[in-house]
Amino acid sequence: MTFDPVPYAASALAGPLLLTLAAFAVLLLPLFFKTLRGTQGLVSLGAVLVTLVFFRAAPPAQLAFFSGALNLSPLSAYLWAFAMGVLALFIALSLARPAAPAEHEGEYYFLASMATIGLMVMMAAGDLFTAFIALELLSLPVYALAGIRRSKPGLEAAYKYFMLGAFGSGMTVLGIAVLNALYPSLDFVSLKAALPAQPLALAGFLLVISGFAFKTALVPFHMWVPDAYEGAPTQVSAFMGAAVKAGGVVLLWRLFSLFDGGPVREIFWWLTVVTAVFANLAALAQNGLKRLLAYSSIAHAGYIAVAFFGGTRGWEAVLYYLPVYAMATIGAFGVTLILERDEKGPKIDDLAGLGRTRPWLAAAMAAFMFSLAGVPPLAGFFAKFYAFAGAVASGYTSLVVIAVLMSAVSIYYYLRVTVVMYMKVPANGEDHPAGAPGLAEALVFLMAAGVLLAGLFSRPLLALAAEAARWF
Amino acid sequence: MELLINPLSLTVLLPAIAGLGIFAIPRDSAAALKGYALAASLAVFAVSLRLWTGFDAAAAVMQFGLDKPWLPSYGIHYALGIDGISLLMILLTTFLVPLSVLASFNYIKESQRAYYACLLFLEAGMVGVFAALDLFVFYLFWEAMLIPMYFLIGIWGGPRRVYAALKFFIYTMAGSVLMLAAILWVVAAHHAAAGAWTFSIPALYAGALTEQAQFWLFAAFALAFAVKVPLFPFHTWLPDAHVEAPTAGSVILAGVLLKMGVYGYLRLAVPLFPQAAVTFAPWLAGLGVVGIIYGSLVAWSQRDMKKMVAYSSVAHLGTVMLGAMAFEPAAVSGAVLQMVNHGLSTGALFLLVGVLYERRHTRLIEDYGGLAKVMPGFAAVFMIVTLSSVGLPGLNGFIGEALVLFGSFRVYPWLASAAVAGVILSAVYMLGMYQQVVFGPLRHTENKILKDLDLREWLYLAPLLVFIVLIGVWPNPFLRRVLPAVDNYITLSRQQPAPPPALVKLALDGEEAR
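Heads up: the protein sequence lines correspond to chains X and D, in order.
Following the working numbering, the residues of the first sequence are numbered contiguously, the last one being 472.
Following the working numbering, the residues of the second sequence are numbered contiguously, the last one being 514.
Hints may contain errors.
Every beta carbon over 12 Å from chain X, so not counted as near; a handful from chain D, in silico [as the list claims (entries may be wrong)]:
id : residue
1  : Phe55
2  : Ala372
3  : Phe467
4  : Trp474
Restricting the straight-line Cα-Cα distance to at most 30 Å, the calculated cross-link-like pairs of lysine-lysine (DSSO-like) are [as the list claims (entries may be wrong)]:
id : chain 1 : residue 1 : chain 2 : residue 2
5  : D       : Lys34     : X       : Lys424
6  : D       : Lys109    : X       : Lys424
7  : D       : Lys451    : D       : Lys109
8  : X       : Lys347    : D       : Lys167
9  : D       : Lys307    : D       : Lys34
10 : X       : Lys424    : D       : Lys167
11 : D       : Lys167    : D       : Lys68
12 : D       : Lys109    : D       : Lys307
13 : X       : Lys160    : X       : Lys347
14 : D       : Lys448    : D       : Lys373
15 : D       : Lys68     : D       : Lys109
16 : D       : Lys167    : D       : Lys307
17 : D       : Lys307    : D       : Lys68
18 : X       : Lys424    : D       : Lys448
19 : X       : Lys160    : X       : Lys344
Note that these hints are calculated values from the structure, not bench results.
Note that the Cβ used here is the ideal one computed from N, Cα and C, for glycine as well.
Bound-form chain X, shown alone:
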């Protein structure tokens, strides 16, 4: 099938370009025009929505841009749409409940847009250098976002996240340096062709993989996650869970698929098992809702990693998993945001009586919990099902058995949230005054509708994911 690449490329690249322009506009213009202050969020959201106009069905072909640094294909279109969607939800959440002090609103939306552009580049990156630069473009703004309130928990979160993140980046750079010395080119296609690897190259790959495993939060590279999720503004935690993780997943998956077997696969096997086991056990002991969601996000990184082992089917599953997980996580953080009274967010026990005072909000939260736990008919079950089906078909039954057993463990802590909401009375007579339903509630219900329907009617999303997975 022949088509004219120029208009397609123009429309595909219009999104990030527009986003960049809007980012600088919201950063700079309010400095000069005082009347524009306070509109930054709306402008950013508007920019994201305008990019929708430029969305075209991606032609079934892969186009390399900037000498192979960016590969545009149905895969990148799918992932970019995902990234834009997460950004739109993040901005809307921040509009509903501002996270940043009024004088920093410009920076806040600027940083979020830049991080998203970093994420998009990372998802479409054709070589390791580009991927690394994109990783930094994604990470640095998020460090700043975590501490944007300059309050103690926020700064602590930002500091921890930055220290460990910088460590991870250092490992990635070191790894890339090693690989650069060994291989003529660092783009993924020629890397794959150039393997089998020598021991030094193996070390290089492992360094790179650990760097990205930091972002994806695979155990033992997860240490930053609970503290960062807890201390950062809840909107930012939602962004970390949905977007930053997705970037790490895509890159890890590219690295994983360079290897058909051998020690790297074995190491991935162990990373997956350790992640699934440790995260689920640690989550059992959590009392803070945001910490619980943090450990749950680690656990889900493990389930996604199971899907890596499933070949083509597994890629399809990962692409389906990402939006389904993002909906449940953003929704759950949205509920947290609505209920929170201080920065560290509510304890799980603070949700007591929610089923009585705000039944619809509680029902939405229950839907997110059941979806994350993987109970049918919610979308999370379908996501896990697809993830595990591929791995079993490829012969990794033992991995799946461990994963399903650990997801049975996870039932306990997800159920605990519903127990508290529906079956406990608030300890100090405290209840949740039902404010007038606003944008935050609307977003939560939108996400709840998503997790309810995306599973039973998963055919369209799965078809898109399958088409995108072919272009990996």
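On the provided structure of chain X, position chain D as indicated by the hints.
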């Protein structure tokens, strides 16, 4: 629209739609909510009657079939169909739900809208399990049903409801996740051998699996079902769940949910893995008999009526398992009939305990006595139900138990003989309980003013009595519909293993199987 025209599919979907529809009614208009829930569940029953009238008793094939592609990339179809066994189970479900709704009118006072919605969603899940002919659809309903049941126990249950609800959910979920892994394995093996993805249960029956694979797969399925039945020693969730659940919850738990476990053996575990089933069958039957004796002895020592009925369920389901694992026409059809009987009589017992509890707020046997004097109608109903539960000839329990014992005696003479002891024990504790509650002097002054059954209570007890007697004297219409399905089950359980499949290679770790 075929989804709503096919009566079977309508029976599955109507309760779910009705459950959503109830949210259109304002939450405080209690009368409208009750009326709506009752009307909806009666409508579902009416629809399911079309399954009974349209069912061809002579045919051994799946009837009312529906097959719609759902998730084509994995070959998942929304495939439904019933044989005689599923027919009886579905009718039992749709029959018990309106009665449970009626029985909840006075008992449930809080969040009524959510309560009736949960009941209706639960009904959709249960019917779906019995109607599914696709493994994925089966698993979906099997697990989805946990959510409404969990809330029924956890929100409207007794004092220890949170513990009981959590235990119920985690036990059953932990039991079934391995089944999910096993389902994926079976399907992947079929894909590796046949080159096509399918979750269709009949298509997987003829699967060519090695003996070792069958062993592990059967074990995974059997564990999930054993928790649900519940077989000794996986029964510990049951007394808690039964005792803490509201009356309607207990009726449905005992009446339908436990049957899903046995149904799982009949429809899936045994026909899918016949070789392994033959190896496991004596052990499962043995556990069933252990359950009969253990359940009876524990029931004997209970002071709480609801607990006693709960443990008697362990015993009754043990009998059913003994029958199902005998692979003998009389025993298996007896087991199926006994599933219905247990649903009717234990359901009625829970309702009767509920009647007392609503009046006196206690379930201890010693708090009653001499009720025959103040509640003659109650005493009469209680008598019939108790006798049905202990298997008095002329009532339904006798037919089922006798068939199971006669049939299984040919296969497992020792086990069947031991099971007879359980039958005797059940008479001892049930009649003992009846005597202490109904006869004797009226020891407690509070009991002197107890009112006899009112119209609403008669309305939900009378239909049960009708069937208790009807099946007792005229079981043929029920057995006739079950027999072809039972023969099928026995044929499938005797399937000769296919020649060792060289093509089916699923490495434990490593490259993709092609």
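Consistency of the hints with the structure:
Every Cβ of chain X is farther than 12 Å from the Cβ of Phe55 of chain D; the closest lies at roughly 28 Å, confirming the non-interface assignment. Every Cβ of chain X is farther than 12 Å from the Cβ of Ala372 of chain D; the closest lies at roughly 39 Å, confirming the non-interface assignment. Its beta-carbon lying about 32 Å from the closest one in chain X, Phe467 of chain D satisfies the requirement of being farther than 12 Å from that chain. With 12 Å as the threshold on Cβ separation, the claim that Trp474 of chain D sits away from chain X holds: the shortest Cβ distance comes to roughly 40 Å.
Restraint check: the Cα-Cα separation between Lys34 of chain D and Lys424 of chain X comes to about 26 Å, which is no more than 30 Å; the hinted pair holds. Taken as a hint, the Lys109 of chain D and Lys424 of chain X pair is honoured in the structure, with Cα atoms around 17 Å apart against an allowance of 30 Å. Simply put, Lys451 of chain D and Lys109 of chain D have alpha-carbon atoms about 21 Å apart, close enough for the 30 Å limit, and the pair holds. Note on Lys347 of chain X and Lys167 of chain D: the hinted pairing holds, with a Cα-Cα distance of about 23 Å set against a maximum of 30 Å.
Taking the CA atoms of Lys307 of chain D and Lys34 of chain D, the gap is about 28 Å. The hint holds against a cut of 30 Å. Annotation: proposed proximity of Lys424 of chain X to Lys167 of chain D holds, straight-line Cα distance about 16 Å (limit 30 Å). For a cut-off of 30 Å, the pair hint linking Lys167 of chain D to Lys68 of chain D is broken: about 36 Å separates their Cα positions. Among the hinted pairs, Lys109 of chain D with Lys307 of chain D is consistent with the structure: their alpha-carbon atoms are about 24 Å apart, no more than 30 Å.
Taking the CA atoms of Lys160 of chain X and Lys347 of chain X, the gap is about 22 Å. The hint holds against a cut of 30 Å. Of the supplied pair hints, the one linking Lys448 of chain D and Lys373 of chain D holds, its CA atoms being roughly 9 Å apart against a limit of 30 Å. The hinted pair formed by Lys68 of chain D and Lys109 of chain D fails the criterion: a straight-line CA distance of about 41 Å is larger than 30 Å. In summary, the hint linking Lys167 of chain D to Lys307 of chain D is supported, as the alpha carbons are separated by about 16 Å, within the 30 Å threshold.
A threshold of 30 Å between alpha carbons decides the hint, and for Lys307 of chain D with Lys68 of chain D the separation of about 44 Å lies outside it, so the pair is violated. Distance hint between Lys424 of chain X and Lys448 of chain D is unfulfilled; the C-alpha atoms sit about 37 Å from each other, more than 30 Å. Between Lys160 of chain X and Lys344 of chain X the CA atoms are separated by roughly 15 Å; this keeps the pair inside 30 Å, and the hint holds.
Comparing the model with each numbered hint stated earlier shows that hints 11, 15, 17, 18 do not hold.
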